[in-house]
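Trainee: Hey, can you work out the whole structure from these sequences and the hints?
Sequence lines, in order, name chains U and F.
My numbering puts the first residue of the first sequence at 78, with every later residue one more than the last.
My numbering puts the first residue of the second sequence at 43, with every later residue one more than the last.
Hints are computed from structural coordinates only; laboratory data are not their basis.
Heads up, some of the hints might be wrong.
To be verified - The calculated DMTMM-like cross-link candidates involving lysine to aspartate or glutamate, where the alpha carbons are at most 25 Å apart (straight line), are:
#, chain 1, residue 1, chain 2, residue 2
1, F, LYS193, F, ASP314
2, F, LYS254, U, ASP125
3, F, LYS107, U, ASP125
4, F, LYS293, U, GLU88
5, F, LYS398, U, ASP125
6, F, LYS293, U, ASP108
7, F, LYS394, F, ASP449
8, F, LYS398, U, ASP108
9, F, LYS394, U, ASP125
10, U, LYS161, U, GLU88
What follows is the residue order along each chain.
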Amino acid sequence: MFYIHCPYCGELREEEEFHPKGQAHIARPADPAACTDEEWGDYLFFRDNPRGIHHELWVHAVGCRKFFNITRHTVTYEILETYKMGERPAFTADNPHGHDAEAAPRPAPAAAQAGVHA
Amino acid sequence: MQRYSGFGLVKHALSHHENWQRQWRNPTPKKQYDVIVVGGGGHGLATAYYLAKEFGVKNVAVIEKGWLGGGNTARNTTIVRSNYLWDEAAALYEHSMKLWEGLSQDLNYNVMFSQRGVLNLGHTLQDMRDIQRRVNANRLNGVDGEVLDAKGVQALVPIMDCSKNARYPVLGASWQPRAGVARHDAVAWGFARAADALGVDILQQTEVTGFKIRDGQIYGVHTNRGDIEAKTVGCVAAGNSGVLAKMAGIKLPLESHPLQALVSEPLKPILDTVVMSNHVHGYISQSDKGDLVIGAGIDGYNGYGQRGSYPTVEHTLQAIVEMFPIFSRVRMNRQWGGVVDTCPDACPILSKTRVKGLYFNCGWGTGGFKATPGSGHVFAASLARGEMHSIAAPFSIDRFHTGALVDEHGAAGVAH
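Mentor: Here it is as structure tokens:
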């Protein structure tokens with residue numbers, strides 16, 4: 078069972094209130110008609126599926142019903158952070174400890190309260 | 043290989059069963075093989091067996107990072123059926139079903155294949171329409187099937203609540219009498235023993251750490267026990283296929299999810315068939331030991347941890363108890379998870395890749411066990427000839443760019 082911190086509600090809630098919606102940060106091609114079959118197939122079907130740190134989209138289905146992102150480890154299942162749509166993750170595969178030098182310094186409030194996998 | 047027989051059992055009893063031959067060798071890796079199969083689960087071992095037996099390729103290695111059948115082969119709920127909707131999928135699973143029917147004799151190993159029939163329940167009008175369509179399609183493809191109404195289901199499974207009072211009343215079911223269950227460990231061990239007897243080297247605790255690729259052609263693999271060369275490499279690594287593909291610079295349209303199952307304490311015989319329900323998300327059978335074997339749907343998030351979340355188990359048991367109120371006080375003994383590689387169209391990938399000589403057999407998702415012999419057979423044919431077998435050809439990875447998907451979500455669904 079995950080305990081997930083919803084960045085919109087600002088509360089730690091049980092997994093059952095949420096639904097996972099797949100990999101995060103996938104942008105729909107601006108001009109779908111201009112895509113090759115290769116590009117369109119990649120957009121629709123091909124995912125990173127990493128063994129390690131993964132950014133994923135979740136929805137707080139029976140709470141605020143807003144979509145947000147989670148950075149989670151796919152082997153330990155540890156939730157490293159949750160963040161709002163449009164924000165960038167502090168933890169990435171290249172920065173597994175969350176030291177993000179380039180991005181504007183942003184406190185990662187969720188990280189401190191991020192859910193644990195119980 | 044010492045053949046197993048009733049006579050052999052008596053003979054070995056005289057020496058207190060202390061002189062049985064080991065089922066397979068534990069060889070040191072050779073420098074070079076004709077074909078390397080990466081992954082020592084059911085599908086990989088079946089591939090190696092058919093390569094050696096039917097396609098004359100005996101210089102084969104199976105490389106397994108753990109132990110034989112330690113992954114999904116030993117974690118599934120052992121259901122075997124072939125009632126898939128589309129022609130391509132029905133051909134593949136029915137090919138497998140026919141091999142299942144002679145498998146124990148073929149391998150000289152009792153895989154305990156029990157054709158006790160599978161019911162796929164319908165709980166809504168739309169379920170029943172889909173069932174009728176699927177059974178009609180099955181019959182046109184030579185797959186046995188019948189549509190039953192609630193009375194017919196009740197006659198087959200008297201302990202099920204088929205009354206109108208259920209929250210999701212049973213309206214009927216599809217019934218495939220030739221379907222059933224098999225003993226999953228025995229499938230892995232039987233294929234391993236038979237392949238080993240034909241000269242296949244089974245290399246356990248050997249992990250592939252990279253591929254040797256030159257000018258777009260594969261010529262070997264790096265492992266923790268040194269480099270091994272082969273011009274043909276078939277990857278059959280289920281949940282970890284994507285990790286292997288990445289080593290070769292290939293992306294697969296797969297997502298790895300936890301899939302959970304559980305068994306109860308052993309009971310006296312009470313359920314003599316397999317009951318599956320897509321609508322309420324649960325499926326159940328009783329093993330020969332007497333345990334109720336219960337399977338869930340996948341956990342929705344990606345995970346390689348071989349475990350899932352508790353609510354998934356809880357929802358599954360709610361569905362089972364709703365269908366079988368008599369089981370409400372049965373205690374559960376064990377619960378576990380596997381890593382399943384789900385494909386967007388709920389069909390597998392059996393395919394060449396951009397790297398010449400590198401093949402993938404993956405994406406079986408939640409329903410690979412039933413296909414073990416058929417998948418191994420057509421994949422072995424493809425590796426031996428360098429051309430995909432006609433049954434495997436529609437499952438090329440190219441379909442995710444051409445759009446020629448084989449959408450089996452209806453027949454696969456939660457049902458495995």
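Trainee: Next, verify each hint and record whether it holds.
Mentor: Taking the hints in turn, this is what the structure says about them:
no.: 1; hint: LYS193/F / ASP314/F; in the structure: holds, 17 Å
no.: 2; hint: LYS254/F / ASP125/U; in the structure: holds, 22 Å
no.: 3; hint: LYS107/F / ASP125/U; in the structure: holds, 22 Å
no.: 4; hint: LYS293/F / GLU88/U; in the structure: violated, 37 Å
no.: 5; hint: LYS398/F / ASP125/U; in the structure: holds, 23 Å
no.: 6; hint: LYS293/F / ASP108/U; in the structure: holds, 23 Å
no.: 7; hint: LYS394/F / ASP449/F; in the structure: holds, 21 Å
no.: 8; hint: LYS398/F / ASP108/U; in the structure: violated, 34 Å
no.: 9; hint: LYS394/F / ASP125/U; in the structure: holds, 20 Å
no.: 10; hint: LYS161/U / GLU88/U; in the structure: holds, 13 Å
In terms of the numbered hints stated before, the structure departs from hints 4 and 8, listed from lowest to highest.
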